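Each chain sits in its own coordinate frame; assemble them with the hints.
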Amino acid sequence: MRIGNVTGSTGSGEELNAELDALLLAYRQACPEPEASADFMPGVWAKIENRESSSFLFSRLARALVTAALAASVILGTMAANTTSSVSRESGSYLEALAAEHTSSLDPLSLERIAELEQQ
Amino acid sequence: MLVEFELIQKARGGDGGAFNQIVTAYRRRILGTISRLIGRPEDVEDVAQEVFMRLYFSLEQLRTPEVFEPWLYRLTVNACYDYLRKSKRRRESRMSDLSEQQVTMADAAAGSRLQTEESEKHRVRDTVNGLLASVSEEDRILLTLKEVEGLSLKEMESIYGVNENALKVRLFRARQRVLKNMRRGE
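From first to last, the protein sequence lines are chains A and B.
For the first sequence, the working numbering gives the first residue as 1, with consecutive numbering after it.
For the second sequence, the working numbering gives the first residue as 1001, with consecutive numbering after it.
Next up, chain B with everything else stripped away, as it sits in the complex (with noise of 0.2 Å):
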């Protein structure tokens, strides 16, 4: 936990400088997740900032400091869920996000070293983000916490609210989905 139980308690209790201590603590990774769940950088902040007020409300409901962290990951999920139903336009803010990035490596005219590992760099997020664009958006949020984010299946269990079994059919499914289309775009 990057934050102790204590300064939960005061947030819950109305105390804004301890709440504002547990957004500092947790924005970065929070963000983080955000952007790689949303690809959508110019919405990341929004989305962050509507996850951490979700926070502030539900702070009261929370009754042990271990499930805190899960349960930030659920709001985190959740709020980019809703986004992505809302905005439904997942695929072309992708592609306008790549031209975006296409311009802003044209313009990078720096070393020729830096240069390369950018553009080695942005080869593999065009390739995953190609690959997890080819699935559902279930499948694509699944597989980033999972495997992007690195979290333990205990923690995914939490947020899912699903046991373990379920949750390991899905991940296979998901990640055959994904093997599937890159065997595809052999």
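Okay, chain A solo, but in the shape it has when bound (with noise of 0.2 Å):
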């Protein structure tokens, strides 16, 4: 057979391409074919199980995760918005604070008020 002189070719391309796929033919026929072991079935099934199981876990912890994020984000929420009512609460002016806390004092005087001034 030409496979054995596979290294004693003469080198032309066609010789070396025709060598190539005695080779390849014989090396198809010179593999073993493996047979599979009684551990074969239950090993796949084994790894099926597995990997649902883990599935299984994964989903569980995902779905946890999320039920975590959702309730995170309510209550960042409500933090939120009682921030920002308050802020805009305490939104103006320094200006216009004074204005509001004297406005009383800023009034004109009514008669009440005179008498209430003359008794003090």
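No lab work stands behind these hints: they were computed from the structure.
Certain hints may be false.
As the list claims (entries may be wrong) - To spell it out: a stretch of chain A is covered by chain B in this simulated footprint if at least three of its residues, at any positions, have a beta carbon under 8 Å from a beta carbon of chain B; those stretches are: (1) 12 to 19; (2) 27 to 38; (3) 46 to 57.
To be verified - Not everything, but these chain A residues come out facing chain B in the computed CB check (under 8 Å): (4) L23; (5) L24; (6) M41; (7) G43.
What the hints assert, rightly or not - With a straight-line cut-off of 27 Å between C-alpha atoms, the simulated BS3-like cross-links for lysine-lysine are: (8) B/K1086 to A/K47; (9) B/K1010 to A/K47; (10) B/K1180 to B/K1168; (11) B/K1180 to B/K1121; (12) B/K1154 to B/K1168.
As the structure is a computational prediction, the values presented were derived from the model and not from experiment.
Even glycine gets a Cβ: it sits at the ideal position worked out from N, Cα and C.
Structural data, given as structure tokens:
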């Protein structure tokens, strides 16, 4: 068989090509066909069950994480809303706040107020 | 096809017995392919189990029976790539395999004719393994599927998801690289 001379080829392109074809064909025949062991099928099912249980665990974990994320976003949303309303309440300038504080003292004096001041 | 599409349909529907029958029908072929693609006998069974496990979880996506075998081959090739990427010890493993085979050969004190046949087979395996180990994993798997497994370009098209012409170019280049190494070995 020509295969035996793989390294002794004259090296022309066609010859080498034919030699490679013959080698690959012989290789196919020379390779032993492995037989599956008795544990093959149980091994397949063990892998399937393993993956199923890990994906079940993963989905449970994912669901727990989603719930936690939702709860956190609700809490954060509530906190943010409270902060915003208090900020808007205090959002006036210093002068506006001062004016609001002393509005009553800047009002024109009423008769009751004059009487009050006189008594003092 | 080694199995009827009805059997695949049953397996898709969760019938464990039908799935077992599919595995039994294809396991020998898949084990052989894996053994030639990864070249590490002790891991062949493990990779084959991985292939059938992936098949089990992807059966739902199968629509037409014609694509079943190319699909199974694609799963096989992908599992082999994953294995080779993970282990990254192809060259070392090949060397250890050879020494194991040599030990086996030395131990086998059978009849001289059998011994000669076995040593010829061993020499062929040795030569081809050496040639294929000198090119990239992609080239090796491509050439093995086409030249050793005997897949048609059409089948390979559906495995690789590229058209026939692109495959021909890749195969030609892979072959050229092997031939170059053969010339170098002269």
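Problem set entry | Contradicted hints - numbers only | Structure breaks no hint.
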